[in-house]
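Residue-level listing of the chains:
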Amino acid sequence: MKENFGEKHKLPLSFKHMEYCDHTSKRGDKKIIYILKSEKYQSNFYVREKPVKPLTRLL
Amino acid sequence: MILIFSDNNDRTTIEVIRWLAALNKDFILVNDDEFFDIKVDQKRFFLQSQKNSFFIDDIQSVWYRRGGLFFKRYQYSNNSIKIYMNETQHWLEDYILKTLESKRHINKQSNSHVNKLLVLEYAQNVGLNVPEYFLAENTDEIIPGKTITKAITGNASLDNISENKDGMLYTSIIDKKEKESFFISFFQEKIEKDFEIRTFYLNGECYSMAIISQNDDQTKTDFRKYNNEKPNRNIRYSLPKDIEVKIQKLMQILDLNCGSLDFIKSSDCYYFLEVNPVGQFANVAYHCNYPLFKKIADYL
Chain A
1 MKENFGEKHK LPLSFKHMEY CDHTSKRGDK KIIYILKSEK YQSNFYVREK
51 PVKPLTRLL
Chain B
1 MILIFSDNND RTTIEVIRWL AALNKDFILV NDDEFFDIKV DQKRFFLQSQ
51 KNSFFIDDIQ SVWYRRGGLF FKRYQYSNNS IKIYMNETQH WLEDYILKTL
101 ESKRHINKQS NSHVNKLLVL EYAQNVGLNV PEYFLAENTD EIIPGKTITK
151 AITGNASLDN ISENKDGMLY TSIIDKKEKE SFFISFFQEK IEKDFEIRTF
201 YLNGECYSMA IISQNDDQTK TDFRKYNNEK PNRNIRYSLP KDIEVKIQKL
251 MQILDLNCGS LDFIKSSDCY YFLEVNPVGQ FANVAYHCNY PLFKKIADYL
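Residue numbers (this note's numbering), protein chains in the order written: chain A, 1 to 59; chain B, 1 to 300.
Hint data in this document are derived by calculation from the structure and do not stem from the laboratory. Don't take each hint at face value.
Pairs of lysine-lysine, PhoX-like flavour, derived with a Cα cap of 20 Å [as the list claims (entries may be wrong)]:
#1 Lys-10/A with Lys-177/B
#2 Lys-51/B with Lys-40/A
#3 Lys-176/B with Lys-10/A
#4 Lys-16/A with Lys-177/B
Taking beta-carbon pairs under 7 Å as the criterion, some of the chain A residues facing chain B (in silico) [as the list claims (entries may be wrong)]:
#5 His-17
#6 Met-18
#7 Glu-19
#8 Tyr-20
#9 Cys-21
#10 Tyr-41
#11 Gln-42
Glycine is no exception: its CB is placed at the ideal position from the N, C-alpha and C atoms.
The following block holds chain B by itself, in its conformation from the complex (with noise of 0.2 Å):
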């Protein structure tokens, strides 16, 4: 039995689950508003939730798409008895959690979240090309037209921010200095670039996509402004090898066997920006025909 963790409207987790009833395997979709309580039954852990319920050895493989393990835990009100129950339904959780990541999976809850910052370091310790970057509370030492600044956050958009409207914090560049001083800002070289690339890395493999976002003034700061009325070119690309066996270093260390990566293409120069081990993948399968959606249902 095959479970996977995602949420309610990933088109992705869709297109895979299309190819696990193809091939006859059984699987078990738990989304992100379900939470489970823990049972024993003639020995055998058990969880059962609102829509699902199985027994923890019965699961062969997991799928971390999104989402995640979540549980009911029981409230006690004296405070002694609350603290005692709480740390026996915590190591109980543990055990469910560390079991279920011991066994063949694509990525790990612990671990679907990673800090842009140490992602960068660690990228620079691999050997791979990253553009200056700096935190900063001012822009004293910000050179105007030349550094941009973006989100450390896994999620740059904030709904609802004002009346009806969402926030999207795109990356954006600098091209005066401030007077006054604010929050903790990541500052990064601007590179003008040929062209972008986005790899999905899975179980050593990399499948990459050509973004051409430079020729559209909308796109060529951030691609994710996308351009609906003519959308940037997307073409299969093939990174250089020693690139290859550098990210699969970098996701070694970052003990992630499936992931989206950012480079950006300059000259002869390959710069890595990012990686995200929760990124939609859907458009690099789409627009390059390589088969993602069987690879995964295939590992499973």
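Bound-form chain A, shown alone (with noise of 0.2 Å):
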């Protein structure tokens, strides 16, 4: 359990079986981000619009 994490106090056991991946901060790690506001979805997080399941399998 690496070493308790240097923690005095005992850890779950599912410490001992903790996987890791990179760090992937969720507020980003670049000094600037893009951002386009709408006032619309009053957001300014989109996501790329994916074809609908019905279409794709229609191809």
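Put the complex together from the two separate chains, hints included.
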């Protein structure tokens, strides 16, 4: 358990089975982010539109 | 006016907002980084943040997707005044939160996180099958290879636990006994599954998806260890009516009208694993072509 992560107190057993991945900061590590504000959606978060499943099945 | 609480990068929220815009329904989106001042204007409660402002009595329905309503509190230096003013501000905040929760809503801020241990007890009480589980500080009672351990927290990830690394506490099989004791941990009987089922519940209706995760070594113990090269197959699924009735009973006990529930199917038995009131259901909507975003927009 990685020497208990340097903690004095015990940790649950699931820590022993912990898996690691590269840190993906939710806030992003970049100093600049480019955003597009939308008044209609009141947000600057967008996801790329994907075709809905029935359309892809028609192809 | 519809009030939506969410975090700033939730795609499900945007999908529902697309429908609200199409249905010409007015809404206010409150993100989890907003803090509100409570004001009174012409005898009406008024909330104001850096981004939004609205009268409480203009709100007709509320969707607690994620985050919540957070307030700015004034600090006072005199200790007696501080205690008095903290209580005064507490009751005003309490009034606002309870008034909003009394409106037409999807979930509530006050119970948006559930205790996994209590949920399992309630699930057994309504007659759902739950794999045998127990808490322990050692592996004395554990049958190696036939027991799993998993987190009792809602969030199984630990950001930046070591240099530039995030940690994930997936469900894992205990294959050997431990010599030393550890912090109280959750153990459960390992069920050989045919497949997993994720059910999205909204106001008494269940929308289920079967996740064929058992054929892939990477996903067979925890499908969240996504295999991006060869993703699990996900298909529409109908749960037996009696299971859906039990789900409804469980959600009523938990006072939730929306949430995502996880099941395992093993031969003729459906095992309940957990419920997540703020879980992602966009995948269920996309893979199974369920109109979940519109259902939410219609209800609000």
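Verification of the hints:
| no. | hint | result |
| --- | --- | --- |
| 1 | Lys-10/A with Lys-177/B | holds (17 Å) |
| 2 | Lys-51/B with Lys-40/A | holds (14 Å) |
| 3 | Lys-176/B with Lys-10/A | holds (19 Å) |
| 4 | Lys-16/A with Lys-177/B | holds (12 Å) |
| 5 | His-17 | holds (4 Å) |
| 6 | Met-18 | holds (5 Å) |
| 7 | Glu-19 | holds (5 Å) |
| 8 | Tyr-20 | holds (5 Å) |
| 9 | Cys-21 | holds (5 Å) |
| 10 | Tyr-41 | holds (5 Å) |
| 11 | Gln-42 | holds (4 Å) |
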